[in-house]
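Those protein sequences? They're chains A and B, same order as listed. Quick note on the UniProt record's numbering: the first sequence kicks off at 1 and runs consecutively. Quick note on the UniProt record's numbering: the second sequence kicks off at 1 and runs consecutively.
Among these hints, one or two may not hold up.
[Unchecked claim] In silico lysine to aspartate or glutamate, EDC-like type, Cα no more than 16 Å apart, as pairs:
#	chain 1	residue 1	chain 2	residue 2
1	B	K82	A	D133
2	B	K12	A	E210
3	A	K377	B	D156
4	B	K82	A	D128
5	A	K66	B	D156
6	B	K82	A	D132
7	A	K85	B	E135
8	B	K17	A	E370
[Claimed, not checked] Per label pair, the in silico range of CB-to-CB distance:
#	chain 1	residue 1	chain 2	residue 2	range
9	A	Q148	B	E431	21 to 31 Å
10	A	N213	B	N29	39 to 49 Å
11	B	H475	A	E370	44 to 54 Å
12	B	N29	A	R79	43 to 53 Å
13	A	L130	B	Q362	20 to 30 Å
14	B	R11	A	Q82	41 to 51 Å
15	A	M331	B	T36	41 to 51 Å
16	A	T498	B	R207	25 to 35 Å
17	A	T376	B	E202	49 to 59 Å
18	A	L130	B	G58	13 to 23 Å
19	A	E370	B	K214	32 to 42 Å
20	B	Q362	A	P63	21 to 31 Å
21	B	W377	A	R144	45 to 55 Å
Hints in this document: simulated from the structure, not taken from any laboratory. Source: prediction; values computed, not measured. All C-beta atoms in this analysis are idealised placements derived from N, C-alpha and C, irrespective of residue type, glycine included.
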Amino acid sequence: METTRLTQLHLFHSNHYNESVLVASPLPNISWAISGTECELQKPNMTENGLGNRVLNMDTMNPNVKRVEYAVRGPIVQRALQIEKELKEGVEKPFTEVIKANIGDAHAMGQKPITFLRQVVALCTYPDLLEDDKFPEDAKNRARRILQACGGGSIGAYSASPGIEIIRQDVAKYIEKRDGGIPSDPDSIYLSTGASDAIVTMLKLLTSGEGKNRTGVMISIPQYPLYSAALAELAAVQISYYLDEDKCWSLDVNELRRAVKAAREHCNPRALCIINPGNPTGQVQSRQCIEDVIRFAAEEHLFLMADEVYQDNVYAEGCQFHSFKKVLFEMGPEYSSVVELVSFHSTSKCFMGECGFRGGYMEVVNMDPEVKLQLTKLVSVRLCPPIPGQALLDLVVNPPQPDEPSYATFIKERTANLDILAEKAKMTEQVLNTVPGIHCNPVQGAMYTFPRLSLPEKAINAAKEKGQAPDMFYCMKLLEETGICLVPGSGFGQRDGTYHFRMTILPATEKLKVVLEKIREFHKRFTEEFS
Amino acid sequence: MSLLCLREICRKMRSIKQTELEPLVRRANQIRTEVTQGGRKPCKDVIDVSWGDKHRGGVQPLTFVRQVLAACLYPQLIHSYKLPGDVRQRVQSLLGACDGGSVGSYTPTGGISYIQCSVSNFISRRDGGVPSSPENIFMTSGSQRSIMQVLNMLADFHNQASLPTGVLTAVPTYSSFKMMLQRLGAAVVPYYLDEEQCWAMEVEELRRALQASKGVCNTVALYVINPGNPTGHVQSRKCIEKVIRFAAEERLFLMADEVYQESVFGEGSEFVSYKKVLSEMGPPLSHTVELASFHSASKGFMGECGLRGGYVELVNLDPAVMRYAYTLFSTDICAPVTGQLALELMANPPRPGDPSYPVYAQETQSIRAMLVHNMSWVPEFLNNIPGISCQPMMGGAFVFPRLYLPQAAIEKAKVVGMQPDLWYCKRLLEEAGVCVGPGCEYGQKEGTHHIRLCVMTPVETMEEVLKRLKNFHLHFLKEFS
Chain A
1 METTRLTQLH LFHSNHYNES VLVASPLPNI SWAISGTECE LQKPNMTENG
51 LGNRVLNMDT MNPNVKRVEY AVRGPIVQRA LQIEKELKEG VEKPFTEVIK
101 ANIGDAHAMG QKPITFLRQV VALCTYPDLL EDDKFPEDAK NRARRILQAC
151 GGGSIGAYSA SPGIEIIRQD VAKYIEKRDG GIPSDPDSIY LSTGASDAIV
201 TMLKLLTSGE GKNRTGVMIS IPQYPLYSAA LAELAAVQIS YYLDEDKCWS
251 LDVNELRRAV KAAREHCNPR ALCIINPGNP TGQVQSRQCI EDVIRFAAEE
301 HLFLMADEVY QDNVYAEGCQ FHSFKKVLFE MGPEYSSVVE LVSFHSTSKC
351 FMGECGFRGG YMEVVNMDPE VKLQLTKLVS VRLCPPIPGQ ALLDLVVNPP
401 QPDEPSYATF IKERTANLDI LAEKAKMTEQ VLNTVPGIHC NPVQGAMYTF
451 PRLSLPEKAI NAAKEKGQAP DMFYCMKLLE ETGICLVPGS GFGQRDGTYH
501 FRMTILPATE KLKVVLEKIR EFHKRFTEEF S
Chain B
1 MSLLCLREIC RKMRSIKQTE LEPLVRRANQ IRTEVTQGGR KPCKDVIDVS
51 WGDKHRGGVQ PLTFVRQVLA ACLYPQLIHS YKLPGDVRQR VQSLLGACDG
101 GSVGSYTPTG GISYIQCSVS NFISRRDGGV PSSPENIFMT SGSQRSIMQV
151 LNMLADFHNQ ASLPTGVLTA VPTYSSFKMM LQRLGAAVVP YYLDEEQCWA
201 MEVEELRRAL QASKGVCNTV ALYVINPGNP TGHVQSRKCI EKVIRFAAEE
251 RLFLMADEVY QESVFGEGSE FVSYKKVLSE MGPPLSHTVE LASFHSASKG
301 FMGECGLRGG YVELVNLDPA VMRYAYTLFS TDICAPVTGQ LALELMANPP
351 RPGDPSYPVY AQETQSIRAM LVHNMSWVPE FLNNIPGISC QPMMGGAFVF
401 PRLYLPQAAI EKAKVVGMQP DLWYCKRLLE EAGVCVGPGC EYGQKEGTHH
451 IRLCVMTPVE TMEEVLKRLK NFHLHFLKEF S
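Make a model of the complete structure from these sequences and hints.
Structure (structure tokens):
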């Protein structure tokens, strides 16, 4: 096959062209039938025959796209948006608003932006404000420094594709400080459009091979469905490893071993993804666990992908965030010079919650230099991440220092945001655990709760009749009756026969209390209705 | 030995041709740093006209745009700072459309609905009333992202067993598009633009290219850039009709990249959108030809490349496919909000009577004057340099003049192991401090050489660039005569 390709490629490459064209064996052409159905330009019409007369139809569309699902924006969310529209139009409902507790979006739920961050980005956007004495000097200095590093002194210019140089340097310094002095190389840092962009880029880089040699990627069950969606789109093999619900969603290396052994029969396991603190589960891995995972990755020759976007969101007593990089280096050169690691961070979570800016980065550790060149080339295809997001990231990693004018306010706002989240995490766990039929593990970190539901047999059957996953059935009913939008556990993955939902802990405290009450009442009604 | 080594990266990745432009630009930045640090160089500074980036080139952002954005980012400005009334009103409308009143929230997948509506109204107005539906509009991080997602839907690029998917692509075309195809494992099916006819597109050439690809790949789409990049050609309505008919006959998905639509100033040139022409061709074509048209806040008067605001309008797509399109776009969650805001401001600029209008009109007028001047003067100047010829520029952002390099120079380039125009560009950078794009980056007929320069550049800078280019070129000719 390979030889044939090269031969045909050579034949095609005539003197006239300097563009090469990929070649393979020919397939018969599909014939085309014209349909004369009339329709409005803006309303695509349903075709009469099943096959469809469109060039791009269900048969010709990329089959991998059909396998992509993303529950966080899935059918339940679309129904929620529809209900919102109906409410606006004055349709009567048993509730007056839709509460979108489906997505980890703090600002949408009323969290206020951090003053300093917004001041600097505003100054960067409209530099005339640098003359305004209502802005503190430290904000102005940060803005001037960022603008100097932008093309033409404007945030409207493209940056280099890995991101603005001084910001990458600032990120490196932040990582060094966070990890107790372990060096970080700015050249190993790639700024990205949210962490999602970086995660998908790495998966693209890692995926290759065919058939039994196709790349397998280990990801937890339950997981943040970007991973499963990206793996489906890339036609990579998802290797699921189960977190232990009975042990507070902790990770057991034996389970990793089981999963990888089974996977080796049908694919080539290449990477291990771990989200810490966890999404949707909120567990914060212990240092011991992280060491075990690193050892396992080393033994099994797996590339470690550490999603650490919730690194500041740690609430439970006795829990602490340990970065994979720090632990790796503290394990000594036997591991630190060998294990290949990429870690991801973002401006969307933690104390700032600036999801809409799409700011983030990844740091690669111990990557083969030639592979790194390929990665650099790969990121250049998407031009550059948004400059406001890069600027915001710079402020997150380079916040006001104790001797600076904005420090006091900054610390006050930061602490308040994290403290409130901690209170809400505790409250959520406590309230949900008083509901018979709902069991909630402690929310150790992140922004979600993933409680387990006991659903009556009748309800499960009713769901099956409707062709819905039982927890989707439950969540849809909850939405229709209370306006609360959650995401069913089936969207994240769970053990067969178990049911969950993911709810964010982000609504304002008073509202959250109401939400939790409504869920309690709903669950009671639901259980009675289907008993 | 690393776990992940080069031979394990899939062939597709490795086959992505490294852009020649980034190393040039990096070198330009290096020289700039050396010059500011006092290192002696033949040139006193570096002028980079290789990017389609107004602000980088020295054009100022629009005041209205930056005032609205700043106040959206830091709403305290609405009360404390003297902002014009229309700015404050716009900020309040926009923040009212954001969840939690913050630009830091995620937005719905296709974008903030208020803005989807603004954009669809803009499209409708532009197209003389042709209806546009907000649900068919997806805002993304730059138009590049939506182009990538549309390509993603078009075929199974990962299936090694079947014929590779092909996309008809102009020669020349900007390199990121080709890199996207290569990354997906798709084939570039090249069709040549006619340099002698002002880089026009000929349907006969499309037919030839498609025919040549039969049996080699499964060509499913036709990608057109209008106004052209790097060519500066603006398609006539007649040409667009022919292209649409061709796409319909040959069952091709039409991708119309129209990001330079605001930049049409050549005499007798007029931008008309593919959608408008399609609609005016009436049924059955107007209801069946599948079209994705792309636009962006990066290239027009605003020039806000760094904000990453782009969109695609999907026309006549199968509703079942649209549902999957929605899921696919959802995995990015949403476009950067500042980019979405930029699109709204592009769709809805200040109008006569608005407090911000006088300044807005003056700023856009001065950008227009710059472009009108450059578009006629630059090709003329280049044509007067021996050994350089340049087609008239009708629109877009770039000129793509042809270099007639002496044989001796071509030989020398071969010895150095570089494409002749790349080698020319490197020398131009080192000796004259001017950074332009080499023709080999974009594609060209074998044996021809070109360079690409951005004309969305202040007049004085453009004059300096051309002066240096002329001097350099004359010396170059002498050296190799």
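Hint by hint, here is what the structure shows:
no., hint, verdict
1, K82/B to D133/A, "13 Å, holds"
2, K12/B to E210/A, "13 Å, holds"
3, K377/A to D156/B, "23 Å, violated"
4, K82/B to D128/A, "12 Å, holds"
5, K66/A to D156/B, "11 Å, holds"
6, K82/B to D132/A, "11 Å, holds"
7, K85/A to E135/B, "14 Å, holds"
8, K17/B to E370/A, "15 Å, holds"
9, Q148/A to E431/B: 21 to 31 Å, "28 Å, holds"
10, N213/A to N29/B: 39 to 49 Å, "41 Å, holds"
11, H475/B to E370/A: 44 to 54 Å, "39 Å, violated"
12, N29/B to R79/A: 43 to 53 Å, "51 Å, holds"
13, L130/A to Q362/B: 20 to 30 Å, "23 Å, holds"
14, R11/B to Q82/A: 41 to 51 Å, "45 Å, holds"
15, M331/A to T36/B: 41 to 51 Å, "44 Å, holds"
16, T498/A to R207/B: 25 to 35 Å, "59 Å, violated"
17, T376/A to E202/B: 49 to 59 Å, "38 Å, violated"
18, L130/A to G58/B: 13 to 23 Å, "19 Å, holds"
19, E370/A to K214/B: 32 to 42 Å, "37 Å, holds"
20, Q362/B to P63/A: 21 to 31 Å, "54 Å, violated"
21, W377/B to R144/A: 45 to 55 Å, "36 Å, violated"
In this structure, the hints that do not hold are numbers 3, 11, 16, 17, 20 and 21, in rising order.
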